Amino acid sequence: EDKVVQSPLSLVVHEGDTVTLNCSYEVTNFRSLLWYKQEKKAPTFLFMLTSSGIEKKSGRLSSILDKKELFSILNITATQTGDSAIYLCAVSGRTNAGKSTFGDGTTLTVKP
Amino acid sequence: NAGVTQTPKFRVLKTGQSMTLLCAQDMNHEYMYWYRQDPGMGLRLIHYSVGEGTTAKGEVPDGYNVSRLKKQNFLLGLESAAPSQTSVYFCASRQWTNSLSPLHFGNGTRLTVT
Chain A
52 EDKVVQSPLS LVVHEGDTVT LNCSYEVTNF RSLLWYKQEK KAPTFLFMLT SSGIEKKSGR
112 LSSILDKKEL FSILNITATQ TGDSAIYLCA VSGRTNAGKS TFGDGTTLTV KP
Chain B
202 NAGVTQTPKF RVLKTGQSMT LLCAQDMNHE YMYWYRQDPG MGLRLIHYSV GEGTTAKGEV
262 PDGYNVSRLK KQNFLLGLES AAPSQTSVYF CASRQWTNSL SPLHFGNGTR LTVT
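Listed in order, the protein sequences are those of chains A and B. Quick note: the first sequence uses our numbering, first residue 52, plus one each step. Quick note: the second sequence uses our numbering, first residue 202, plus one each step.
Only chain B is shown next, with the shape it has when bound in the complex (with noise of 0.2 Å):
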């Protein structure tokens, strides 16, 4: 019963690198999203997906792209690490016909960019 997972956990960046976060979800979810947090601003959404092979941006998409070529995988890439982009980093998924329907959430992967 995995739900949400998302890898790596951790990772440390040099400014200008670049990365990908995976996030895999196993209840055959439409819906995914891509949110960062940070300390006292709440989730603020970058990404999100509404099925395989749709991305659209959020709130706050500078600086990632994001790529769902499965429906159970949703990719969020940083080109160019920038300091600014060191938060910790939440996917989600929820059922796509019933927006009533609460969000899961994977454990976050926590990046620090030097």
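Extracted from the complex, chain A is given alone in its bound form (with noise of 0.2 Å):
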């Protein structure tokens, strides 16, 4: 059964601050993590992530992956009020009909 663990499950900073989520996984046949952002409605997409070790960066916000370890991190630079949401990652194998096996999310909450 595939599995994934956040950490940590909430995190409250201050605007301008750096933080990283964390996130392990076991999956069968490994094929992509996915990290969301989810505010107060539908999660939306941020990074897929299918190759160890290549950073994937958007503004503010990278992430990166090491299969050989089993876990991603996102990085979250000079942090903005509007970054507080619940930021999800989720992990798909080659095997399971495109199903998304999802942690229990990081709730960040950023003071101004």
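Take the hints with a grain of salt, since some may be wrong.
[What the hints assert, rightly or not] Computed footprint of chain B on chain A, listed as stretches where at least three residues anywhere in the stretch have a Cβ under 8 Å from a Cβ of chain B:
{"no.": "1", "segment": "72 to 85"}
{"no.": "2", "segment": "91 to 105"}
[Unchecked claim] List of simulated lysine-lysine pairs, DSS-like, C-alpha gap at most 27 Å:
{"no.": "3", "chain 1": "A", "residue 1": "Lys-92", "chain 2": "B", "residue 2": "Lys-258"}
{"no.": "4", "chain 1": "A", "residue 1": "Lys-88", "chain 2": "B", "residue 2": "Lys-258"}
{"no.": "5", "chain 1": "A", "residue 1": "Lys-54", "chain 2": "A", "residue 2": "Lys-91"}
Think of the hints as simulated: they come from the structure by calculation, not from any bench. Quantities reported herein were computed from a predicted structural model and do not represent experimental measurements. Where is the CB? At the ideal position from N, CA and C, for every residue including glycine.
Reassemble the complex: the two chains are provided individually, in unrelated frames, and hints are given to aid placement.
This is the structure in structure tokens:
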């Protein structure tokens, strides 16, 4: 059974801080790991990682995957109040009909 | 550019009542999924479909049924609602040929069972 563990479960920081969110996983025949951001409603896609050691970046957000150690991190630099959200990590295997297994999420609160 | 649309947005049921949640997508995606999200528990897969006319059980299927009579629609049914089914339900879809593609989510249905 596929498994995803995210840490920390919650985090409170001040604007301008840098945060690192962690995601460790177990999946049969790894295909991809995705990060989503969830504010009030639907999760929205941030990054997809398939290869180890290659950093994905979008503005102040970046993510990297370590397939040997089975984890990924999501970094957010110079945090803003708009970064407050639940960050979800999900993994998919090659043989599971496109299903994604999600972690419990990290709730990030950025205070002014 | 609707994407994934869920109806209704909110619903309150009494124990034992039934209801159907509707999910519609206009992206011609083959794969569709129903998840539930409870506080502190992330998203858990209820049922999914890999194409029109097909359905399969996910991680937490008990108490739910689904149907995919048309490619664009995926219905989730609760035959006899229980308080444990109080949750936020999300429908999602993705391209079938590539599990690398991200999930596209609807805005969710908040269900309360009293």
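Hints, one by one, checked against the model:
no. : hint                   : result
1   : 72 to 85               : holds (count 3)
2   : 91 to 105              : holds (count 7)
3   : Lys-92(A) x Lys-258(B) : holds, 25 Å
4   : Lys-88(A) x Lys-258(B) : holds, 26 Å
5   : Lys-54(A) x Lys-91(A)  : holds, 25 Å
The structure shown violates none of the earlier numbered hints.
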